[in-house]
Amino acid sequence: MSTETDAVKVEEKLYYNRYVVDAGRPHVKIRPHEVPSQALLALTKICPAGCYALNDKGQVEVTPDGCMECGTCRIVCADTHDIEWNYPRGGFGVLFKFG
Amino acid sequence: MVEQRFDAIVVGAGPSGNAAAYTLAKEGLNVLQLERGEYAGSKNVQGAILYSDALEKLIPNFREDAPLERHVIEQRLWMLDDASYTGMHYRSEEFNEEKPNRYTIIRAQFDKWFSQKVRDAGATVLYETTVKELIRNTSGKVIGVQTDREDGAVMADVVILAEGVNGLVGQRSGLRDELKPDTVALAVKEMHFLPRDVIESRFNLKGDEGVVIEAMGSVTLGMTGTAFLYTNEESISVGIGCLVSDFTEKREAPYELLERFKSHPAIAPLLAGSEVKEYAAHLIPEGGYNAIPSLFGDGWLMVGDAGHFVNAVHREGSNLAMTTGRVAAETVVRLHRMRKEMTKTNLAEYQERLEKTFVLKDMRKYRKIPAFLHGNKETLFGLYPRLLSKAAQTWFRVDGLDKKAKEKAIVSSFRQARTLRGMIGDAFKLARAWR
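If you read the sequences in order, they're chains U and W. Note that our numbering gives residue 7 to position 11 of the first sequence, counting from 1, and the numbers run on in steps of one. So the mapping is simple: our numbering equals the position in the second sequence, first residue as 1, plus 26.
If you're looking for bench data, these hints aren't it; they were derived computationally from the structure. No incorrect hints appear here.
Listed next, the in silico BS3-like pairs over lysine-lysine satisfying Cα-Cα at most 25 angstroms (straight line):
id	chain 1	residue 1	chain 2	residue 2
1	W	125	W	138
2	U	41	W	403
3	W	206	W	394
4	W	83	W	138
5	W	276	W	403
6	W	387	W	370
7	W	429	W	416
8	W	276	U	41
9	W	138	U	93
10	W	206	U	25
11	W	158	W	370
12	W	158	U	25
13	W	276	U	5
14	U	5	W	303
15	W	366	W	382
16	W	143	U	93
17	U	41	W	303
18	W	206	U	41
19	W	303	U	93
Okay, the calculated beta carbon distance ranges per label pair:
id	chain 1	residue 1	chain 2	residue 2	range
20	U	75	W	454	26 to 36 angstroms
21	U	12	W	240	19 to 29 angstroms
22	U	57	W	148	41 to 51 angstroms
23	W	456	U	27	35 to 45 angstroms
24	W	204	U	57	20 to 30 angstroms
25	U	61	W	116	38 to 48 angstroms
26	W	422	U	27	52 to 62 angstroms
27	W	381	U	20	44 to 54 angstroms
28	W	166	U	20	34 to 44 angstroms
29	U	53	W	435	50 to 60 angstroms
30	U	75	W	397	17 to 27 angstroms
31	W	390	U	75	23 to 33 angstroms
32	U	75	W	166	22 to 32 angstroms
33	U	31	W	450	39 to 49 angstroms
Incomplete in silico selection of chain W near chain U, CB under 10 angstroms:
id	residue
34	62
35	72
36	134
37	158
38	205
39	273
40	274
Think of the CB as a built atom: it goes at the ideal place given N, C-alpha and C, for glycine as much as any other residue.
Between the sequences and the hints, there should be enough to build the whole structure, so can you do that?
Next up, the structure:
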């Protein structure tokens, strides 16, 4: 399976979900870096919402709009301090209809 | 914000928080419950199975109006390889009892219902409110919480942290350690909708009967994990989860794993033609007894997933959550009535009470299982399911080979792959961890 088709697939999955995005206030941020750590690189593959991707310069970027707030990235990067993780403000973020 | 002082604050409106807030409010305490979602359940994800006993102890007549899906009459345990499954099914008419023992539920709906019960009992429940941190006095005792609302500080005699596995308040306040990648599983799940008569005919059900399938094997690609499929009234919950450390090491995408499970020849026909309406991800505390943090301190208690209360072997969680929530609240009620302070010494009664329940007894019984599963993942989740499938295939295929030769082939396939010594060792280690 190629990475491109996978990305499409997870986006389609997220499309089912309901989100209230807190525009301009991302709840997950990546610490600026030149070369990503192994932990950050792992996130480009294992984030269940596909929020993490490599940019042209080989750095990892995050787009937390589709985040399901599971906390996996926070735990994986706990030792490397690569990311700053907070919950969205009350009422924002993912809203599961079934859960 | 509410300008008031409360007897107790409960952080979170999942099963443990609702059980705690309900118990406190019913006993007449002045309770504030804070939930960051738009409604109770909007941030919660589970399979989900509801075990009656734990809820009955709180709300004996819950069956009258709780949103239940199907009562479980059949349990299937499947070992998968790429093309086959070897399974154990247990189905009993005795599960068609007047007060069924297990139900499938949809958590967002169930939690909403439970939350209404909490409000009916008299608790003040604030949604869309995220707790940022605990407020302590000069001697370090927890005396309230800071929320993300304007003037969002609110005070209470005791704070019950029911904030779930990914709870930041307890961790950032130093009440519990950061979760470790090898003590939590990441699970992803989809909701597949089908007409109820289709579900009933596919699973051989009538009325509100339900089936649950737990599966393990090659579908997790050698990672420590399991998959599941639960029948709801008009939908099927299908998911898979593995340890975060295994996902990280293998660099596998959870949604690809889910696609793989869904397309397995044993699963695909059960889902055929369904409409997907939600995709969810969640962490599950799987570290067992050894991962349970301190459960009480000056002015605080910890319950549910925040306290790592999941029995991974039996796939139980929400019943442990409700029981710990209830027992924590009962402890607070008793201290409150006796006008005793919510100090660490007095709140230790919570743990003493828990020791007498199934919760800590079960957690302790399986304390060695997480290490056993993690340490033997390739064998348990890869090799044995494959060997078992191969053995069954050899045994059932009639091909002119004599039966003695078939037996020999089966035995030698096991011995080649795992040596007799290795198999005895695995059995011995499992037995020891199980005790």
